[in-house]
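Engineer: As given, the protein sequences belong to chains A and B, one line each in that order. The letter at position 59 of the first sequence is residue 58 when you use numbering that gives the first Met the number 0, and the numbering goes up by one with no holes. The letter at position 135 of the second sequence is residue 134 when you use numbering that gives the first Met the number 0, and the numbering goes up by one with no holes.
None of these hints come from the bench; they were simulated from the model. Hints may contain errors.
[Claimed, not checked] A few chain A residues that don't get close to chain B, going by computed Cβ distances all over 10 Å:
1. D74
2. T120
3. M124
[Stated by the list, open to error] For the chain B half of the interface with chain A, some residues (derived, Cβ under 10 Å), not all of them:
4. Q15
5. L40
6. I45
7. Q76
8. G80
9. L84
10. P86
11. E98
12. R99
13. N100
14. M102
15. P117
16. A120
17. V121
18. V132
19. P136
Backbone N, C-alpha and C fix where the C-beta goes; we use that ideal spot for every residue, glycine too.
Chain by chain, the residues:
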Amino acid sequence: MAGSETSQEGVVSARGQQGQLQRGQILLLFAVVLPVLAAMVALMADIGGAAITYHRAQVALDAAAFAAAQAVDLDALDHTQRLQLDPYLAGQLAGQYASLNSRGQLQIVSFYVDRDTVYVTGQMMYRTLFASALGIDTVRARVVSSATPGFGIATGGE
Amino acid sequence: MKRASGYGNHRHQRGQAILELAIVLPILALLLGAVIALGPLAYMHIATQQASYDCAIAAAQSLDAAQGYAQGLYAAQASFGAFNLNPARADISVRGDWERNGMVVCEIVYSVPTEAFPFHAVLSPPSVVRYSVSLPPHAFKSEWR
């Protein structure tokens, strides 16, 4: 009987210890997992924001290149019968439309005109929301674009 | 007595586990809801940007206002279709001056289907996505009538 009691005490004691171990296990596990999960969500938010910024920059730069390609040098066209762009006017138009389509956020890094084609490189900065905790304050979206003037006769559906 | 105390302890443990889960689960659910909402939101932003650009490019191909308007509208709707988004949710505005040295503006306001996102009442995602693109019409295109 005495042996049986000792055995029962042992079982209860073991259960008690196990209970103490189990108590707070979910909270402990959560305390470990939560920062990881939160970091993943934060990373997703920043990756999404950077992707939106990159696309925004590309759209604004394409628009800038398209506008710059309208700056046909009419004097040169009259005299040489060759289609070429006026670099000064093209640069002005590129800057104007880059700013207009990005709310002043797109910065034109390089601008180059080769006869009738304009080549532009731009960059837009994305200020991170959460990655700054890891020391990444901004992400630079660098985009390139080129355009040539459209000419001819506009017809229906064109 | 000891046995009974052991069962009580076990019951207490279960209660504790349920309580802990009740604390943890809403936070986990909110995080999951944020993850589920972020992807489609970014996608709608990019789609709306692209649609407004496509709209402006198409509208700028003509020097005729009616033609430019129709082209811009069609291009924006086609763009949303290509992104598998409902064009009916987009409020597309094509306006401007279809003259040489003019400017056409395509502005799109896309209504985000917030009700489709989990925990939208708590997370309150933005209800609209708005973008506009401005372009000069093709200056060296002639009109053939």
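Engineer: Next step is simple, just say for each hint if it's right about the structure.
Structural biologist: Outcome of the hint check:
1. D74: Label holds. Min Cβ-Cβ 14 Å, cutoff 10 Å.
2. T120: 18 Å, holds
3. M124: It holds; M124/A is separated from chain B by about 17 Å at its closest Cβ, greater than 10 Å.
4. Q15: 6 Å, holds
5. L40: 7 Å, holds
6. I45: 5 Å, holds
7. Q76: 15 Å, violated
8. G80: 17 Å, violated
9. L84: 15 Å, violated
10. P86: Violated: closest Cβ of chain A sits about 19 Å from P86/B, beyond 10 Å.
11. E98: 13 Å, violated
12. R99: Where the cut-off is 10 Å and the nearest Cβ of chain A is about 9 Å from R99/B, the hint holds.
13. N100: Because about 9 Å separates N100/B from the closest Cβ in chain A, which is inside the 10 Å limit, the hint holds.
14. M102: 9 Å, holds
15. P117: Cβ of P117/B sits 14 Å from chain A, so the hint is violated.
16. A120: 19 Å, violated
17. V121: 14 Å, violated
18. V132: 6 Å, holds
19. P136: 9 Å, holds
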